[in-house]
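Enquirer: Sequence:
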Amino acid sequence: MNKPKLSIGSKVFLQNRPPYLKTADPMPMLRPSDILEIGDQGVIIDIRPGGYWGVKFTQGTFLIEDQYIAVLKQ
Numbered sequence: 523m524n525k526p527k528l529s530i531g532s533k534v535f536l537q538n539r540p541p542y543l544k545t546a547d548p549m550p551m552l553r554p555s556d557i558l559e560i561g562d563q564g565v566i567i568d569i570r571p572g573g574y575w576g577v578k579f580t581q582g583t584f585l586i587e588d589q590y591i592a593v594l595k596q
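Quick note, the sequence shown lines up with residues 523 to 596 if you use our numbering.
Quick caveat, the hints were computed from the structure, so don't treat them as lab data. Remember, it's a predicted structure, so these values are computed and weren't measured experimentally. There's no promise every hint is true.
[Stated by the list, open to error] Taking CB as the label site, the calculated pair distances span:
| hint | residue 1 | residue 2 | range |
| --- | --- | --- | --- |
| 1 | P550 | K595 | 26 to 32 Å |
| 2 | M549 | D588 | 21 to 27 Å |
| 3 | K533 | I557 | 15 to 21 Å |
| 4 | M549 | P526 | 29 to 35 Å |
| 5 | R570 | R539 | 18 to 24 Å |
| 6 | K544 | Q596 | 16 to 22 Å |
| 7 | P571 | Q596 | 27 to 33 Å |
| 8 | L552 | Q596 | 20 to 26 Å |
| 9 | M549 | K527 | 26 to 32 Å |
For every residue, glycine included, the Cβ atom is placed at its ideal position computed from N, Cα and C.
Between the sequences and the hints, there should be enough to build the whole structure, so can you do that?
Expert: Below is the structure:
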């Protein structure tokens, strides 16, 4: 089964919790991963070098690798 592709504007959810979260600020900072819960929903706002997606959650905007997020089925 093919996994839906990620793209800017896609609604996603956190399927696995990374060891830490990197903020999407101009000067990124590391935050503890317990800020987000598995299943939290967000929107992809941009793509960054190194395979990171900028995802806006209600708790903030974070840089997350695609292995930790999945497209939300409509």
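Enquirer: Each hint needs a verdict: does it hold in this structure or not?
Expert: Here is what the structure says about each hint:
1. P550 to K595: 26 to 32 Å: holds, 30 Å
2. M549 to D588: 21 to 27 Å: Roughly 23 Å apart at Cβ, these two residues keep to the hinted range, so it holds.
3. K533 to I557: 15 to 21 Å: holds, 19 Å
4. M549 to P526: 29 to 35 Å: holds, 32 Å
5. R570 to R539: 18 to 24 Å: For R570 and R539 the Cβ distance comes to about 20 Å; the hint holds.
6. K544 to Q596: 16 to 22 Å: violated, 28 Å
7. P571 to Q596: 27 to 33 Å: Once the Cβ atoms are compared, 30 Å apart, the range 27 to 33 Å for Q596 and P571 holds.
8. L552 to Q596: 20 to 26 Å: Distance hint for L552, Q596 is violated at roughly 33 Å.
9. M549 to K527: 26 to 32 Å: Distance hint for M549, K527 holds at roughly 30 Å.
Checked against the numbered hints listed earlier, the structure breaks hints 6, 8; every other hint is satisfied.
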